[in-house]
Amino acid sequence: MEISNQRVEEIINFIKNLNLDKKYQKEFTHEKIKNLSYINESLTHSSANNKFNYENLEFLGDAVLRLIASDFIKNQYPHMQVGERSELRSHLVSDKWLEQVGEKINIKSVLIIGPKALRDKSASATIQAEATEALIGALYESIKILDPIKNWLNPFWVDKSKKVLADPHKQNYKSALQEWTQAKGLSIPTYKTIEINKKHNNPKRFFCTVYIQNISIAEGWGKSMKQAEKEAANEALTAVEKNVLKL
Numbered sequence: 003m004e005i006s007n008q009r010v011e012e013i014i015n016f017i018k019n020l021n022l023d024k025k026y027q028k029e030f031t032h033e034k035i036k037n038l039s040y041i042n043e044s045l046t047h048s049s050a051n052n053k054f055n056y057e058n059l060e061f062l063g064d065a066v067l068r069l070i071a072s073d074f075i076k077n078q079y080p081h082m083q084v085g086e087r088s089e090l091r092s093h094l095v096s097d098k099w100l101e102q103v104g105e106k107i108n109i110k111s112v113l114i115i116g117p118k119a120l121r122d123k124s125a126s127a128t129i130q131a132e133a134t135e136a137l138i139g140a141l142y143e144s145i146k147i148l149d150p151i152k153n154w155l156n157p158f159w160v161d162k163s164k165k166v167l168a169d170p171h172k173q174n175y176k177s178a179l180q181e182w183t184q185a186k187g188l189s190i191p192t193y194k195t196i197e198i199n200k201k202h203n204n205p206k207r208f209f210c211t212v213y214i215q216n217i218s219i220a221e222g223w224g225k226s227m228k229q230a231e232k233e234a235a236n237e238a239l240t241a242v243e244k245n246v247l248k249l
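Counting from 3, one number per residue, gives the positions in the sequence shown under the working numbering.
Don't read these hints as lab results, they were simulated from the structure. A couple of the hints might just be wrong.
To be verified - Here are the in silico distance ranges between beta carbons for each label pair:
#1 Ile190 <-> Lys53: 36 to 42 angstroms
#2 Ile196 <-> Ser111: 15 to 21 angstroms
#3 Lys28 <-> Ile196: 46 to 52 angstroms
#4 Lys248 <-> Met3: 50 to 56 angstroms
#5 Asn156 <-> Val84: 19 to 25 angstroms
#6 Asn7 <-> Lys146: 24 to 30 angstroms
#7 Glu4 <-> Ser111: 38 to 44 angstroms
#8 Ser72 <-> Lys186: 37 to 43 angstroms
#9 Asn156 <-> Gly187: 15 to 21 angstroms
Unchecked claim - Below, in silico cross-link-like pairs of lysine-lysine (DSS-like), each with a Cα-Cα straight-line distance of 25 angstroms or less:
#10 Lys162 <-> Lys176
#11 Lys110 <-> Lys176
#12 Lys152 <-> Lys162
#13 Lys225 <-> Lys118
#14 Lys228 <-> Lys165
For each residue, glycine too, the CB sits at the ideal point set by N, CA and C.
With the hints as extra help, turn the sequences into a complete structure.
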């Protein structure tokens, strides 16, 4: 797909602001139009172009992200148990984290989105997270090296991992909610999860409602049933902590 001169300048400036290692900045100049095309593709939503959009690069970005997040955790927390590493990684590659990274790099300023999706404000966070993941895929497709991507993401992960590990529930929301109900003499939480759509990697593929005493108390969304249940439990715990849960 041909890119206008104005768009080329936008992409080059956007990449510069990411603060990648300097020696890799030269991979995103006017002479490297193929690499700029990858970046442009990662910033294009399917509502704007049905064929040239970020879906394939998002798939690649997911694999790259999980690999370098695993490496970060191994180096940062060498004595952490495997189960704990997996739990921490789930937060370091989550849609919420990707959305936050997208916000910090102002990815929405360079996104190409069709009018219909642009009007759907509820999809904004999801698109931002997906495009950020696709951008990671595009960076790898361009330079074929993991280290500069890992170095770029490390500061985001250091901050996020500290917050996750400082959480009193250690992000194990379902167990924490069950412990709370048992302490209160209530029935254990039950979860009803339904599949809303079949799209792989969609953060709103599954929808979950958590019940206590047969009363619906919170809801959550996720790419998987497990994630949706976890988000619902998290919302329930938030209600508990704010004393707004009524049973």
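Going down the list of hints, with the structure as the test:
1. Ile190 <-> Lys53: 36 to 42 angstroms: violated, 49 angstroms
2. Ile196 <-> Ser111: 15 to 21 angstroms: violated, 36 angstroms
3. Lys28 <-> Ile196: 46 to 52 angstroms: At roughly 49 angstroms between Cβ atoms, Ile196 and Lys28 fall inside 46 to 52 angstroms, so the hint holds.
4. Lys248 <-> Met3: 50 to 56 angstroms: holds, 54 angstroms
5. Asn156 <-> Val84: 19 to 25 angstroms: With Cβ atoms ~21 angstroms apart, the hint holds.
6. Asn7 <-> Lys146: 24 to 30 angstroms: Between Asn7 and Lys146, where Cβ atoms are some 27 angstroms apart, the hint holds.
7. Glu4 <-> Ser111: 38 to 44 angstroms: violated, 22 angstroms
8. Ser72 <-> Lys186: 37 to 43 angstroms: About 38 angstroms separates the Cβ atoms of Ser72 and Lys186, which means 37 to 43 angstroms holds.
9. Asn156 <-> Gly187: 15 to 21 angstroms: This hint is violated: roughly 46 angstroms between Cβ atoms.
10. Lys162 <-> Lys176: holds, 21 angstroms
11. Lys110 <-> Lys176: Status violated; Cα separation ~33 angstroms.
12. Lys152 <-> Lys162: holds, 15 angstroms
13. Lys225 <-> Lys118: Answer holds: Lys225 to Lys118 is near 23 angstroms, not above 25 angstroms.
14. Lys228 <-> Lys165: Roughly 21 angstroms separates the two Cα atoms, so the pair holds.
Figure legend: structure checked against the earlier numbered hints; hints not met, in rising order: 1, 2, 7, 9, 11.
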